[in-house]
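K.L.:
Those protein sequence lines, which keep their order, are chains A and B. Note that the first sequence covers residues 32 to 639 in the working numbering. Note that the second sequence covers residues 74 to 447 in the working numbering.
Keep in mind the hints are simulated off the structure, nothing from the lab. Just to be clear, a hint being listed does not mean it is correct.
From the structure, some residues in chain A lie toward chain B, with a derived Cβ separation under 7 Å [unchecked claim]:
| no. | residue |
| --- | --- |
| 1 | A179 |
| 2 | E338 |
| 3 | N339 |
| 4 | S343 |
| 5 | K385 |
| 6 | T397 |
| 7 | L418 |
Where is the CB? At the ideal position from N, CA and C, for every residue including glycine.
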Amino acid sequence: MNKLSPEIMNSVVVTDCGSTTTKAVWFEKTEAGWRQTYRAEAPTTVERPVADVTIGVLNALNSLELISDRNPLYKKTGENFEILKKGNNGIIDSYFSTSSAGGGLQMVVLGVVSQITGKSAERAALGAGAIVLARISLDDEEAVYHQAEKIRELRPDIILLTGGSDGGAKEQVRELAEILLLAEPKPRFGEDTKVPLIYAGNQDLTNELKDILSKDFDFRSVPNIRPNVDTENLKPAREETHDVFLEHVMSQAPGYSKLKKMVDGEIMPTPVAVSNMIEVAAKRLNTSIIAVDIGGATTDIFSIRKENESFSNPHRTVSANLGMSYSIGNVIEMAGSNNIKRWLPFETSDEELKDALWNKMYRPTTIPETLKELHIEHAVAREALRLSFEHHKQLSEKIEGAKEAQDISRTFRHQLKDEFDISQVDFILGSGGVLSHAPLRQSAALMLIDSFQPEGTTRLGVDSIFMLPHLGVFASYNEDAALEILFSSCIIPLGTVISPIKTTKKINLSENIADIELSNGIKFRLKGLSIRKVPLSVKESCSVTIKPLRKDLDFGSGRGKLHTCTVEGGEVGIIFDTRGGSSNINNLNINTSKLQREWNEELGINII
Amino acid sequence: MYAPKLITHANVQIERERTLPIKGKVHVEEGAQVQAGDKVLSTELKGDLTIIRIAEKLGISPGEAEKGVLINKGDIVQKNHLLFKKKGLFGLFEETLFSPCDGIIEFIIPESGHIGIRSAPEELFVNSYIPGRVTSIINNRKIIISSNVGLIQGVFGIGGEISGKIFSLSVKRDEIVDAHHINNIPKDKLSGSILCGGMSFTEEAFIAASILNVLGIVCGSFQSNFISEMQNGIFNQKLKNKGCSKPPVLMITEGFGQLPISERADKLIKSQHLKNASMSGKTQIRAGAIRPEIIFHEADKSISPIHENKSDPPKEGEVVRIVRGKHFGEIATISKLPKDPVKLNSGVEARVVEVILEADSKKIILAMANIENV
């Protein structure tokens with residue numbers, strides 16, 4: 032029988048090597064069925080001085096042995112270690128792993144003219160969720176050798192080279208290629224591999240550049256991002272960047288080849304593993320799902336929609352510039368301190384906020400000691416999630432009735448057909464340290480609501496201890512066991528949130544919004560700009576009748592119409608949200624920290 | 074469990090790579106002893122290429138452009154050398170183009186009417202940065218220097234490499250250095266020095282130090298807004314307005330905000346007053362984390378050396394720095410390593426460590442993730 036056959040797997044350990052922490056989880060077949068029994072973690076060790084991902088794995092397994100009081104899981108021989116299986120002095124049947132230890136995507140972009148192809152290249156890279164370390168152009172003030180030195184020192188994961196319209200400039204593009212050859216960049220990780228280079232410039236030069244650059248770079252070409260001066264075509268470069276990141280960059284963490292020898296099967300990239308599990312879960316629950324995995328360096332969003340009786344292809348995006356540790360600086364830059372402060376139930380100065388977050392950025396493995404620190408991190412998480420969701424929607428957009436390549440002059444005028452109608456999403460599932468390890472489940476619920484701004488009736492859940500990636504890789508060997516663990520140990524149902532759909536008119540404080548009646552006898556009037564919680568336990572459900580008190584308000588049956596639905600409970604219960612979304616909150620001329628205190632208190636979240 | 078670290082130690086074995094951007098010449102031999110400012114590598118960099126697009130610039134055809142070119146390939150030209158002259162319409166106006174730079178005519182392309190001028194090559198050299206012994210020479214491009222030194226690694230820095238004498242300020246660890254602290258010191262003592270000490274510097278103190286040609290500044294902390302101003306050029310403009318062209322290299326040892334420099338760092342700095350040191354402000358948190366550092370050329374040989382790259386999991390008796398929460402920046406000694414997770418004040422459950430604070434010998438419990446080895 033194949034050693035990976037489900038029939039002989041009763042005890043499995045899985046690790047996920049994240050950008051900041053390595054998590055080890057134990058799945059076992061117990062009398063009650065398949066369960067997650069133990070969990071441990073240790074800092075990921077891809078960075079110097081350790082620079083070997085297997086050391087973090089070893090530390091996590093060591094912690095797992097201590098916590099479970101069971102050993103041995105591994106044997107160390109010199110610098111290497113071996114996982115011990117049953118029949119070889121060990122106690123488990125299999126060991127699997129996922130990895131995203133390379134963390135965020137960092138790119139250098141080159142264009143002939145800074146404000147034309149340089150800017151387009153930067154937009155393409157940002158659109159793929161990258162951090163742009165430098166934009167190099169021929170009209171820079173820097174000397175060529177400085178530019179080359181900069182590229183070498185920055186050690187980008189991917190280089191994007193652009194320039195020249197099709198049939199246009201060639202000499203200048205060749206000059207940029209010369210700078211790259213001079214730079215001789217080495218990848219961030221994986222010293223012996225070539226840095227991927229995506230060429231998206233004058234197509235007449237593709238073959239020539241491929242000949243010149245393939246020796247030193249992993250050369251790939253895509254259609255020109257500026258085929259002519261008036262047209263910008265970012266999508267092919269953006270998609271190629273995204274794909275190269277997932278397939279190539281993430282697998283290059285130091286020690287990766289050692290880890291490959293230790294696992295059964297292949298190491299799965301973390302986003303692929305989570306995506307697998309989400310797809311399996313959506314089909315089992317027969318529902319549309321958005322899932323998010325917010326990590327230290329990246330925030331990954333997965334969505335799968337139920338369309339009549341079938342399901343769409345799962346869609347996943349990795350926002351490699353948004354996260355809670357290494358990428359926290361980008362969240363501050365992109366969101367701005369006002370957008371972070373609006374979520375805080377206390378006053379703080381911009382300076383104090385920035386100091387706190389910069390300290391976290393430069394010491395990324397630290398965790399909040401005080402409630403104040405916790406609230407600040409949760410506020411940042413909301414912005415990271417919100418921005419990642421915008422990125423997710425953008426990458427899944429279709430341009431209505433127009434050609435793929437975007438006419439530059441129409442850039443700011445065209446209408447996008449938004450594929451994403453949040454009111455059609457039935458379930459939002461949160462994963463990642465800040466959500467799974469939130470001390471209170473209601474904190475996780477509020478973060479998901481504030482970030483995604485669900486409309487209509489939406490169930491919420493969290494991954495209890497952040498094991499979606501582990502389940503995802505395990506599901507590829509034993510789907511039934513993975514599903515059993517998913518529903519018994521992984522998904523913590525938080526409850527259901529109910530909010531008006533697509534409010535266009537302002538919602539005012541204390542305005543009468545709707546009359547609510549539950550089948551358990553509870554009745555009340557919903558006021559504007561409020562959160563109201565009704566306890567309803569896990570595995571309980573009840574019927575809710577909503578009578579809008581404004582003609583424009585729609586809760587699922589049309590504007591101004593009575594709406595009745597059956598909702599499921601959870602650790603938090605039913606949450607009625609009439610705050611009108613973050614744009615409504617932003618437009619208030621009142622002290623939002625006072626309101627935030629009230630909303631937090633309604634949900635039982637400690638303030639300070 | 075591996076814990077991150079920032080070294081503060083008087084005797085550390087280190088290695089530093091010195092690298093050229095392209096192959097060149099190595100000026101030392103393997104095994105040689107070098108001093109901090111010694112030239113160890115050099116190369117010649119091809120000059121920049123300037124392209125004069127005659128046809129586009131003057132709105133004429135390449136053929137017409139070619140007729141007016143007055144120089145040949147290989148000619149040496151200086152800035153403002155006449156490159157092109159042609160009589161205009163009806164012979165009334167003359168059209169001329171002058172060289173924007175010194176250099177050699179590298180090409181003249183008749184088909185496009187372009188002239189390429191290559192500037193003079195530039196000599197680039199790399200110094201050793203630290204005193205020590207050359208232990209490897211690689212490909213005429215890179216050498217490795219090993220040494221025993223005193224070392225303080227910082228959390229964050231700005232600027233490149235410098236060398237100078239340490240000037241330890243007579244201020245308390247939690248004191249903010251103001252302009253009067255700087256102005257009370259004889260100017261000749263400060264010029265070319267690395268100024269160290271205190272919790273932070275006021276903007277006025279920073280400017281005063283810059284004007285006096287202080288090469289580096291090391292203190293406990295700076296507020297993030299000031300750092301932003303430095304990074305986005307606003308502060309450099311303020312310095313320019315005071316007649317100063319370049320700010321000192323900066324390193325903070327503790328973090329952002331108002332955090333006193335640690336006692337350990339303060340003591341080490343004071344012991345190195347007026348002695349030679351090298352400093353780098355370079356900071357990179359990913360891709361091979363690079364931390365800013367100050368390297369004291371003389372190690373304290375009376376204490377056992379440690380190796381820069383050795384990393385051990387935390388153990389009882391180890392000295393650590395607290396890097397989060399109420400006691401941020403304080404030094405402590407690990408007294409216990411409980412196995413089971415504990416709930417912190419924030420509500421987060423985590424593995425913890427019990428430590429004894431150096432300042433008042435008080436015992437506290439905090440997350441293991443919130444300490445770093447020193």
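K.L.:
Confirm or reject each hint.
P.N.:
Now the hints, each set against the structure:
1. A179: holds, 6 Å
2. E338: violated, 40 Å
3. N339: At about 43 Å, which exceeds the 7 Å cut-off, the nearest Cβ of chain B leaves the hint on N339 (chain A) violated.
4. S343: It is violated, given that the least Cβ distance between S343 (chain A) and chain B is near 35 Å, above 7 Å.
5. K385: Result: holds, 4 Å to nearest chain B Cβ.
6. T397: Holds - the Cβ of T397 (chain A) comes within 7 Å of chain B, reaching about 4 Å at its closest.
7. L418: violated, 20 Å
The structure fails to meet hints 2, 3, 4 and 7 from the earlier list, while all remaining hints are met.
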